[in-house]
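**Q** Chains as they are written, first to last, in the numbering used here: chain X, 1 to 100; chain H, 101 to 277; chain Z, 278 to 619.
Everything labelled a hint here was simulated from the structure, so no lab data went into it. One or more hints might be untrue.
As the list claims (entries may be wrong) - If we take Cβ atoms under 7 Å as the criterion, some of the chain H residues that face chain X in the derived model are: (1) L106; (2) F107; (3) A111; (4) I115; (5) I122; (6) Y129; (7) S130; (8) A143; (9) Y145; (10) L208; (11) L212; (12) V241; (13) L245; (14) T256; (15) G266; (16) L270.
Since the structure is predicted, the reported quantities are computational estimates derived from the model, not experimental observations. Idealized CB from N, CA, C, for every residue including glycine.
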Amino acid sequence: MIPLGHYLVVSAVLFAIGTAGVFLRRNLITILLSVEIMLNAVNLSFVAFGRSQGNVDGQIITFFVMTVAAAEAAVGLAIVIALFRHRESLNPDAFTSLKW
Amino acid sequence: MPDTLLFYLFATVAIGASALVIGQRNPMYSIMLLIASFGALSALYIQLDAPFVAMAQVVVYAGAIMVLFLFVVMLLNAPQEDAAEWDRTHPLRRPGVARFGALLAGLLIVELVWAFVRVNDANAAVAARGDVAEISSVRSVGRVLFTDYVFAFEATSILILVAMVGAVVLAAREEKR
Amino acid sequence: MDLQLLAQFVVCFAAFFMLVNASAVLVLAERKVMGFMQQRYGPYLVGPHGLLQPLADILKLLFKEELRPKGADKWLFTLAPIISVTAAFAAFAAVPWGAETTFFGLLDTPVKLGVADVNVAVLVVFAITSMGVYGIVLAGWSSNSKYSLLGGLRSSAQMISYELAYATALASVIMLAGSLSLRSVVDAQAGYWLGFIPRWYLFLQPLGFIIYVIAGVAETNRAPFDFPEAEQELVAGYNTEYSSVRFALFPQAEYINMTTMAAVATDLYLGGWHGPFLERYGLGWVWFLVKVGLILFAYIWVRWTVPRYRYDQLMQFGWKWLFPAAVLNLIATAAFILYFNA
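Looking at chain X on its own, in the form it has when it is part of the complex (with noise of 0.2 Å):
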């Protein structure tokens, strides 16, 4: 049996993977994909001490943060496109200017 501490260390580390991916890449993708990893890092967190707990909320509160994660992926890249179309750049230091 698998203790509790350690899915929350992978949680842990995970979560810290998708910060340092947040502030240190220069490319809108790429943030993106770091958030997600976030979102996934807190989704074991969730099943884990649901698992622990021994009843199935923390599945259900992970079913509404993926749902959640998609709708906001899709917005999200809707926006890149949209930047993309004007700017030609992915690097958001191209879009600090508050002119469009």
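Assemble chains H and Z onto chain X, guided by the hints.
**A** Same frame as chain X, but now just chains H and Z:
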């Protein structure tokens, strides 16, 4: 014993693939590595006796969201980050950022180790395997979802509708006047 | 060595063997059936009545030169056929193809005929077939050629569009059976009404069966939905730039996907391995093979009878006709269950 081995294998794949994701210059490679990471996470969910979440992870995350990312990368023909510019403008080059980042990383490691030790000490055994298959079967997930959480369920359906409409509106080409 | 473990291994190997042979047999069957429908013999020279033709085809493919276009992405070009064929084989792992057997009394506890008996088998098959999209889309992208890219994008858009109708048709059957395990769905179809009509879900869900088969044909990129790989329009679509072994893996993946779709259709709608006489002797899997064979014959038959859908017609059909029909079927099934079991 095989359980532990499998856990370490899948955890290593998940963490390793994710670490590689943020280090790739080509976004296509990032996406494929992330799919591998999601597959490993799905296996971890199966080890946690959550078969429905594991399959939903493959279908929704690896099978749909990542296809969306892949399409966007292909359609935009996204330029890779230029190697020279990557080296020159990387935020870790700036000394202030590097020191602050190192401090944060050190704090995180301390906190992780502390949390790990604490949780293992107070580790009430994860519920015995007796009726887990019944507790977390798809049937019980569905029952709880449609009774206790039905409002959130309906709200997410509206959320998805809004996201669909929003994506179409945002990504539509502007009318040439 | 533990006899039980050995028996399990034999069953898994038998499934794998069956799949690999299925793709070889389908190569020949397609050309022969096509030939007979077009009033000619089909392959005739290699072996008696052309029966060794697949062997000749495979040998030819193995000896061809392995090309990779200069601009092609090194890793993704090789990874694409691997993903395709791995997903195709893996999806069959959750499909049961027979009842239990003790291998004529050699074993203490019977071993089930199926690689894995998963209690969410339907979801597993669906999940893994949806991973097969990546093989095609990566093949199209990594070939660095416009025919491939167009073919790959169109093909993957088609596959993910028809996945919706596919999943909704599945959901209707799951509601009737009350379980996601394919073995339970098949066992719910045992027995007869009025003594001679088998309790297949085909009779309870005729619309669902039609939707499932159409969506299955579209998922596997077979005619009339094979615009992305149409020889006449797009050279060969996403596998234009592939040759030799990497190429051979793509049609193999396609045939194995066809076989998996047919096997799942048999389990869900046609009663799986239940049939008149053979079950008493533990030969239910023969009925399974017969039914799968019939569906595969129907696949080939449709291919050479009907003209091809144009791509926009294909997408319109999938979104505007098939998916609403599947949703209506789902609602009607739910109402039916409520009414008759209330």
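**Q** Hint by hint, say whether it matches the structure.
**A** Comparing the hints with the structure gives:
1. L106: violated, 9 Å
2. F107: holds, 5 Å
3. A111: For H/A111, the interface hint holds, since the closest Cβ of chain X sits about 5 Å away, which is under 7 Å.
4. I115: The hint holds - H/I115 has a Cβ within 7 Å of chain X, the shortest such distance being about 5 Å.
5. I122: Holds - the Cβ of H/I122 comes within 7 Å of chain X, reaching about 3 Å at its closest.
6. Y129: Hint violated; H/Y129 Cβ to chain X Cβ min 10 Å, cut 7 Å.
7. S130: holds, 6 Å
8. A143: violated, 11 Å
9. Y145: holds, 6 Å
10. L208: holds, 6 Å
11. L212: holds, 5 Å
12. V241: holds, 5 Å
13. L245: holds, 6 Å
14. T256: With a minimum Cβ separation of about 5 Å from chain X (threshold 7 Å), the hint on H/T256 holds.
15. G266: This hint holds: H/G266 lies near chain X, its Cβ roughly 5 Å from the closest one there, short of 7 Å.
16. L270: holds, 4 Å
Violated hints for the displayed structure, listed by number in ascending order: 1, 6, 8.
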